[in-house]
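Taking the hints into account, I'd like the entire structure generated from these sequences.
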Amino acid sequence: MSEHSGAATRTLVTIICEAVLESRLLKDLDALGAPGWTISEARGSGSRGVRASDWDNNSNIRVEVVCGRPVAEKIMQYMQVHYYADFAMICFLSDVEVLRLHKF
Amino acid sequence: MSEHSGAATRTLVTIICEAVLESRLLKDLDALGAPGWTISEARGSGSRGVRASDWDNNSNIRVEVVCGRPVAEKIMQYMQVHYYADFAMICFLSDVEVLRLHKF
Amino acid sequence: MSEHSGAATRTLVTIICEAVLESRLLKDLDALGAPGWTISEARGSGSRGVRASDWDNNSNIRVEVVCGRPVAEKIMQYMQVHYYADFAMICFLSDVEVLRLHKF
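Chains as they are written, first to last, in the working numbering: chain A, 1 to 104; chain B, 1 to 104; chain C, 1 to 104.
These are calculated hints, taken from the structure and not from any lab test. Values in this document were obtained by computation on a predicted structure and should not be read as measured data. The reader is advised that the hints may include incorrect statements.
It does not matter which identical chain is meant; a pair holds if it fits inside one copy or across any two.
In silico SDA-like pairs for lysine to any residue, Cα to Cα no more than 20 angstroms straight-line [said to hold, decoys possible]:
{"id": "1", "residue 1": "Lys74", "residue 2": "Glu41"}
{"id": "2", "residue 1": "Lys74", "residue 2": "Leu99"}
{"id": "3", "residue 1": "Lys27", "residue 2": "Arg43"}
{"id": "4", "residue 1": "Lys74", "residue 2": "Tyr84"}
{"id": "5", "residue 1": "Lys74", "residue 2": "Thr9"}
{"id": "6", "residue 1": "Lys74", "residue 2": "Val96"}
{"id": "7", "residue 1": "Lys27", "residue 2": "Val96"}
Laid out in structure tokens, this is it:
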């Protein structure tokens with residue numbers, strides 16, 4: 001990613017999961033150091049997780065967090081350990097560029 | 001993108017198009033090997049595609065697929081060949097990082 | 001990002017902000033040269049911006065623009081100068097890959 005004056009790299013964490021997990025997930029994110037989050041409603045279908053066949057047509061949420069890389073990796077590891085075995089969830093990281101004055 | 005223990009790179013395919021295409025698109029994605037998808041509602045406006053002026057204020061969907069690069073490229077090529085001429089659609093790819101135990 | 005035949009890199013601008021800013025923001029994007037945009041509804045919470053505590057549980061929007069890097073940087077700079085001091089807003093850039101025939 002090219003750098004321009006004032007630009008800094010942060011990590012975007014995206015979590016897509018069953019809507020029923022929302023309040024539990026937000027408590028986790030807060031404890032893990034997420035500086036904030038954005039939630040949008042979604043629908044999904046996929047061969048992801050043990051409850052994959054139950055996921056079809058379920059109400060899902062898409063949670064996004066912009067943070068430093070260490071917190072992002074901690075969140076992704078936590079999600080895997082605590083949710084992947086029992087819930088349909090997908091979590092992925094990507095690099096994004098913000099302006100330095102924009103604090104995270 | 002820095003690698004940490006257990007991390008792997010996948011490709012995120014994002015398709016934004018008219019909501020009326022949903023069922024047709026999901027059949028395509030299944031046939032092209034997408035392991036799953038997430039759909040959210042959206043609104044759009046843009047000079048994209050031949051029906052651009054009709055796209056304003058239309059109901060749109062945002063479809064996301066996380067998969068390996070070959071499937072992602074196949075999806076993007078297919079969208080271009082089958083939809084770009086006749087529908088307002090935007091499709092783009094980006095690299096994302098997942099944990100290895102998370103199968104796609 | 002690996003290049004395949006016909007692929008080109010563009011920049012995805014993501015803006016998340018209070019829904020009340022929508023019409024003003026779209027006028028800005030048009031003036032700044034954005035070729036189009038996609039809007040989806042969202043909810044957010046975070047320590048971002050001076051009105052952070054007011055942002056919780058507010059109605060937010062997520063605006064996405066795919067464009068060339070110069071326009072993307074102009075948009076991000078403009079958002080910072082005109083909105084960051086007075087509104088809860090987050091803006092970030094990421095690289096995405098499109099097919100060349102797909103004009104932006």
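Hint check:
1. Lys74 with Glu41: Cα proximity of lysine 74 and glutamate 41: none, with 24 angstroms in one copy and 28 angstroms across.
2. Lys74 with Leu99: between (23 angstroms within a copy, 12 angstroms between copies)
3. Lys27 with Arg43: Answer is between; shortest inter-copy Cα gap is 16 angstroms, intra-copy 23 angstroms.
4. Lys74 with Tyr84: Classified as within; 15 angstroms inside a copy, 28 angstroms across copies.
5. Lys74 with Thr9: both (17 angstroms within a copy, 17 angstroms between copies)
6. Lys74 with Val96: Classified as both: same-chain Cα gap 17 angstroms, cross-chain 16 angstroms, threshold 20 angstroms.
7. Lys27 with Val96: neither (24 angstroms within a copy, 25 angstroms between copies)
Comparing the model with each numbered hint stated earlier shows that hints 1 and 7 do not hold.
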